[in-house]
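Chains as they are written, first to last, in numbering that gives the first Met the number 0: chain A, 0 to 395; chain B, 0 to 103; chain C, 0 to 183.
Since the hints were made in silico from the structure, they are not lab data. Some hints could be false.
Unchecked claim - Estimated spans, in silico, between C-beta atoms of each pair:
1) A:P116 x C:L81: 27 to 37 Å
2) B:F9 x A:D27: 44 to 54 Å
3) C:P58 x A:T211: 46 to 56 Å
4) B:E4 x C:G12: 51 to 61 Å
5) C:G12 x B:N7: 27 to 37 Å
6) A:E56 x C:E56: 25 to 35 Å
7) A:R265 x B:P53: 51 to 61 Å
8) B:G77 x A:Q369: 39 to 49 Å
9) B:T89 x A:G189: 48 to 58 Å
10) A:D50 x B:F9: 19 to 29 Å
For every residue, glycine included, the Cβ atom is placed at its ideal position computed from N, Cα and C.
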Amino acid sequence: MTVVLDKQTKVITGNAAAAYAAMLCRPDVVAAYPITPQSEVIEQLAKFHADGILDCEYVNVEGENSAQNVVCATTMAGGRAFTATSSYGLVYMYDAMFQTAGFRAPVVMINVNREPPGIHAVCSGQQDMISVRDSGWVQLIVENCQEILDTTIMAFRLAEDYDIQLPVMVNYDGYYLSFLAESVEIPGIGEVDGYLEELKTQPPRTRLLPGTNLGCGSHGIGMGYVELRKKHMAAMERVKTKIDEIDRGFSETFGRGYGGQIEEYRAEDADIVLVTSGSAVGTARTMIDAKREQGVKAGLVKLRLYRPFPVERLSRALRGKKAIGVLDRSVCFGWDCGPMYMETRALTPEIGIVPMLSFIDGLANMDITQEHIGRMIDDIHAASQGRPYQEVTWLP
Amino acid sequence: MVDKEHQNLFETEASWSDASETVLCHHTGDWRTERPVFDHDKCNACGFCYTYCPPQCIVDDEDGIHYKADLEYCKGCGVCARECPKEAITMAPEGDYADDCRVG
Amino acid sequence: MSAKEIRFHGRGGQGAVLAARMLASALAAEGKCVASFPMYGFERRGMPVVAFTRFDEQPIREKTQIYTPDCLVVVDFTLLSLANLFDGLKPDGVLILNSAKPLEKPPHPNLKRAGLVNATQIALCEIGRDIPNTCLIGALAKVTGWVELESVLQGLGDYLEGDMLKRNLRNAERGYHEVEVMTW
């Protein structure tokens with residue numbers, strides 16, 4: 000007998016919020032392998048499963064590479080699948096990730112941002128997510144525990160949408176969000192069923208079925224390969240408007256919205272803007288307010304969607320600004336700057352040539368403090384007034 | 000704005016460290032909240048405790064037959080007590096604790 | 000009441016992280032907005048851990064560590080020797096300390112009040128193990144007045160059940176009633 004959970008508000012960690020969201024979406028299969036700082040996600044799902052709250056195949060795999068293969072196969076067979084990982088686990092499933100994306104398998108995966116191998120650190124950092132940015136996955140980044148829960152639910156709605164059919168990775172900062180306990184409104188199971196009902200009205204996607212002759216993963220040589228690549232790219236493009244629609248729909252159903260691809264905080268009338276993602280956004284909001292009170296017309300753009308890159312909306316948000324700063328929690332090897340900065344800089348034809356500053360902070364659990372954000376805004380402000388500035392700054 | 004002055008923690012380009020300075024001199028004995036107590040009457044000197052000890056801190060006892068824990072390193076994990084086939088090892092709490100509890 | 004920041008210092012395995020979260024639950028039960036998270040290096044017993052809890056009437060947006068605590072909770076007496084334990088303590092900051100003996104003098108100039116309770120002994124008596132965390136939350140409730148004991152006890156139900164819950168309820172109550180306040 001399955002226990003049914005009603006709507007409730009509870010103080011839970013970011014990891015627990017992800018687990019609640021996954022449970023509420025009733026996956027057929029959960030592939031489970033632990034890694035700090037994600038382990039609580041799959042541990043909580045194991046508890047839901049043991050308590051009769053989650054009815055699924057809970058597969059204990061021997062490593063993340065298998066985990067990705069399991070969830071890929073599940074979705075190819077028409078089921079709903081979920082897994083969670085981080086850093087070492089993410090790179091361990093590297094080949095399988097390309098497979099999932101190339102097969103257009105609508106897997107939903109949590110990636111808790113942690114520094115990848117090379118310098119051993121069990122610490123937050125976005126390099127893991129950056130290292131797979133061209134794998135063909137949709138990548139979202141969230142700011143707080145409520146958003147973790149809500150975005151994970153939206154991730155299933157997005158991944159399985161007939162027009163999309165792409166795997167979706169929901170990223171959140173290790174430690175600063177994974178272990179952060181906040182009050183979270185957890186929808187009842189019926190509410191989420193109702194929200195995802197719309198997927199059932201769409202055409203069914205092609206699936207592997209025993210007894211049929213259909214298979215996936217055959218050779219795509221020459222023009223066949225090119226054609227599938229183009230279709231994948233086109234689907235990526237469609238994610239942008241789709242995610243805005245889904246956000247609006249979620250807001251209508253649950254009363255909470257996040258702006259879709261990006262959120263502009265006091266950015267419309269701002270002279271200078273800081274672009275950033277993840278938990279740092281929360282801290283930045285406070286500093287933006289403080290600087291505004293001092294007379295600096297600063298604004299913030301929160302990057303929620305990273306892949307595909309929200310070219311159009313970000314360009315519109317940044318056009319006309321006097322200087323722009325981008326805060327990265329990772330590095331772009333080869334360009335000596337932050338990766339999101341580099342991609343924002345590529346919007347220059349759309350927004351014009353304005354001073355752009357790259358800030359690299361928050362690597363390996365280093366705290367992105369209010370004081371750091373204050374300094375960043377000061378630097379962007381100086382640049383906007385024609386004073387000399389440094390293009391790339393590493394903090395602290 | 001100029002980056003703050005940074006004092007390098009590593010002399011090398013990658014994360015090299017010298018084990019003789021870090022691991023081997025780390026006296027982990029003070030992590031302990033309980034310690035193994037060896038009963039020589041029950042012990043048959045099979046060496047299981049020596050084999051199973053994770054940080055390999057079981058050493059020869061002074062009598063040359065039995066075993067004891069090197070208390071400079073023993074973290075009190077209790078694996079030796081668990082694995083001893085003769086139940087000759089028990090874990091005893093470190094330090095003194097008050098026997099009385101205030102009632103009411 | 001403006002935002003308050005509490006920093007917990009303990010060693011891995013003593014329940015400092017859980018204490019920070021239990022306090023957050025208790026405050027949330029009274030309608031406060033809360034945020035609590037730990038920071039630790041190596042995950043093992045005995046290693047110093049720090050945990051942060053913020054509460055306010057408004058939603059907490061900052062996701063940073065706590066640099067200017069209003070209150071410090073020290074779960075392990077031996078941590079008092081840590082050089083930066085008192086860093087940033089606000090003037091009139093308060094300390095909640097697990098200690099068997101009174102403090103001879105305030106360990107920091109900003110410290111005007113400390114709540115001392117022998118939480119280790121109480122925990123060994125009530126729980127049978129040296130897990131002083133719930134005792135110290137009870138002490139904090141009494142000394143600061145920021146949260147009612149009732150809310151603390153109610154919040155524990157989210158984390159514990161059965162016999163362990165009963166023992167920790169007693170642990171928290173004893174912390175509340177037996178904490179002794181020192182002022183300088």
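To see whether the hints hold, each was checked on the structure:
For P116 (chain A) paired with L81 (chain C), a C-beta distance near 31 Å keeps the hint of 27 to 37 Å intact. Judged by the Cβ atoms, the range 44 to 54 Å given for F9 (chain B) and D27 (chain A) holds: they are separated by roughly 48 Å. The given range of 46 to 56 Å is respected by P58 (chain C) and T211 (chain A), whose C-beta atoms sit roughly 52 Å from each other. A beta carbon spacing of about 38 Å between E4 (chain B) and G12 (chain C) contradicts the range 51 to 61 Å that was offered as a hint.
Judged by the Cβ atoms, the range 27 to 37 Å given for G12 (chain C) and N7 (chain B) holds: they are separated by roughly 34 Å. About 45 Å separates the C-beta atoms of E56 (chain A) and E56 (chain C), a value inconsistent with the hinted range of 25 to 35 Å. The hinted window of 51 to 61 Å between R265 (chain A) and P53 (chain B) holds, with their beta carbons roughly 55 Å apart. For the pair G77 (chain B) and Q369 (chain A), the beta carbons lie near 45 Å from each other, so the given range of 39 to 49 Å is met.
Take T89 (chain B) and G189 (chain A): their Cβ atoms lie about 54 Å apart, and the range 48 to 58 Å holds. Between D50 (chain A) and F9 (chain B), the C-beta spacing of about 48 Å breaks the proposed range 19 to 29 Å.
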